[in-house]
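There are 2 protein chains.
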Amino acid sequence: MTVTDNMLTCNCEGCELKSLFFENVSTLEIESICSRKVEREYQKGEIIIREGAEIHEFIYLKSGLVKLYHSGSNSREQIICFALPLDFVSLLSIFSEKRYIYSVAALEDSITCNIKMDEIISIATGNGRFALSLIEKVNKATDRIILDFLEVKQKRLYGRIAYILLYFAKSIYKSNSFDLPVSRKEIAEYIGMTVENVIRSLSDLRKDGIIKIFGPKIEIVDEGKLARIAELS
Amino acid sequence: MTVTDNMLTCNCEGCELKSLFFENVSTLEIESICSRKVEREYQKGEIIIREGAEIHEFIYLKSGLVKLYHSGSNSREQIICFALPLDFVSLLSIFSEKRYIYSVAALEDSITCNIKMDEIISIATGNGRFALSLIEKVNKATDRIILDFLEVKQKRLYGRIAYILLYFAKSIYKSNSFDLPVSRKEIAEYIGMTVENVIRSLSDLRKDGIIKIFGPKIEIVDEGKLARIAELS
DNA sequence: ATCAGGTTATGATAATTATCATACGGGAAT
DNA sequence: ATTCCCGTATGATAATTATCATAACCTGAT
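These protein sequence lines are chains V and A, in that order.
Counting from 1, position 132 in the first sequence corresponds to residue 138 in this note's numbering; the numbering is continuous, with no gaps.
Counting from 1, position 37 in the second sequence corresponds to residue 43 in this note's numbering; the numbering is continuous, with no gaps.
Treat the hints with caution; some may be incorrect.
Same chains, same label: a pair holds when it works inside one copy or across any pair of copies.
Below, computed lysine-lysine pairings styled on DSSO-like, alpha-carbon distance capped at 27 Å [as the list claims (entries may be wrong)]:
no.: 1; residue 1: K104; residue 2: K176
no.: 2; residue 1: K159; residue 2: K191
no.: 3; residue 1: K104; residue 2: K24
no.: 4; residue 1: K159; residue 2: K104
no.: 5; residue 1: K218; residue 2: K161
no.: 6; residue 1: K231; residue 2: K191
no.: 7; residue 1: K176; residue 2: K191
no.: 8; residue 1: K24; residue 2: K143
no.: 9; residue 1: K191; residue 2: K161
no.: 10; residue 1: K143; residue 2: K122
no.: 11; residue 1: K213; residue 2: K231
no.: 12; residue 1: K180; residue 2: K143
no.: 13; residue 1: K104; residue 2: K143
For the record, the hints were derived by calculation from the structure and aren't laboratory data.
Produce the complete structure using the sequences and hints provided.
Set out below in structure tokens:
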């Protein structure tokens, strides 16, 4: 992980996230935030947030792709969700807990913008509109997670595989051809099945000519069929 | 559903939820809320919030027990969670959506306190501390839901049944003997299994002498064994 | 270069869960 | 009282998924 000098690389003025995120915050306050924020770069695979660590910073994703996951006491890891920049990954639980109840890791090279929690809290305390916009974003993020959980839960193996493939194609890469950013094991950790069955069902989809697999690259050949599999479980 | 006259039954002064919920709100503001709030009574089985309905009110549970559930497009209902008064059921999604994305129904006779959204928003706008306390509560509620989802997800049928029985005993009724507030079907909708298998596994637990079943009444006889089943899936 | 460990892959088999069928009892409506 | 519907209950069977075993391949470490 690399800490980057603000002065050189980050210009909040041109940050398209700023306006989305810090709406209702005065220019003065934004400048104050900007001068004291820290930007961090993570390479694919690096851990951004470690479950159990104390929460000191408000972190949001500027670029990249991450996974949120939970390491239950003795069991294997479970992936909660994937998140792109606009999903504001760090919102979850930071206002209610002293320590993180989940971890975040980079699935692709990622850059975060980190602001001291004190600063966010102090701004929110004096600025109800900003606080409300925070609530709205927290809500959106968690609603999404819960609805996706329900969606996946009601499907069976093949439906879940089809669902996640379409999710990557539609929501993440906006293309029917993409490099899978996760291992088969991680897919298994997300949909709650075993690695072997994930691999098997991908192979089956390939044998049926619905997808093509070239190493890490996936190509959805018959989107209609895949969508039907996702729907009909 | 019965709308109750404020003057007669509701005294905000004695409401133990007020202090928890409206911390950081001035006495004046509380009085304003109190005079305009509406209290509603629901009988067991009645629907409190209907998925798809417009969100106009901020609703919290004063007494009773409810279930939150989601009716996916074509599929069967899925129960998201159960909630007691202090779980502040209505927080979920109300600040991010125009319409409810889930329903709420009373599992036991319940009373809600309803406040116009406008009023909450206007207070939060002018009072960052209150807004922050709202965020905290939204976070707590959704964290709980997500963690429980993960917990249930990693278990198998018997583990899930054991888990929910212990949940009712520990979190809801604080007793190893209680009337199940839900049907077998509703348990199935929560743990994501079929009714038949829920019934079967309850029967098996009974045959093994771990629980007793008298009609709707459940008695946990061997809590240790049940806890082990819940742990070991 | 070689070894260890992890990921992908496939098969055989066991375990788990769903589906279908049937039955019984209770409550609501006629 | 009778009928219908719903919830509970149980069994038989089919479908789905997990587990175990094995192997090929790749990558990082020594």
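Results of checking the hints against the structure:
no., hint, verdict
1, K104 / K176, "between (35 Å within a copy, 25 Å between copies)"
2, K159 / K191, "both (18 Å within a copy, 16 Å between copies)"
3, K104 / K24, "both (26 Å within a copy, 24 Å between copies)"
4, K159 / K104, "between (30 Å within a copy, 25 Å between copies)"
5, K218 / K161, "within (23 Å within a copy, 33 Å between copies)"
6, K231 / K191, "within (24 Å within a copy, 32 Å between copies)"
7, K176 / K191, "within (21 Å within a copy, 35 Å between copies)"
8, K24 / K143, "both (14 Å within a copy, 25 Å between copies)"
9, K191 / K161, "both (19 Å within a copy, 18 Å between copies)"
10, K143 / K122, "both (18 Å within a copy, 21 Å between copies)"
11, K213 / K231, "within (13 Å within a copy, 46 Å between copies)"
12, K180 / K143, "within (23 Å within a copy, 35 Å between copies)"
13, K104 / K143, "both (20 Å within a copy, 14 Å between copies)"
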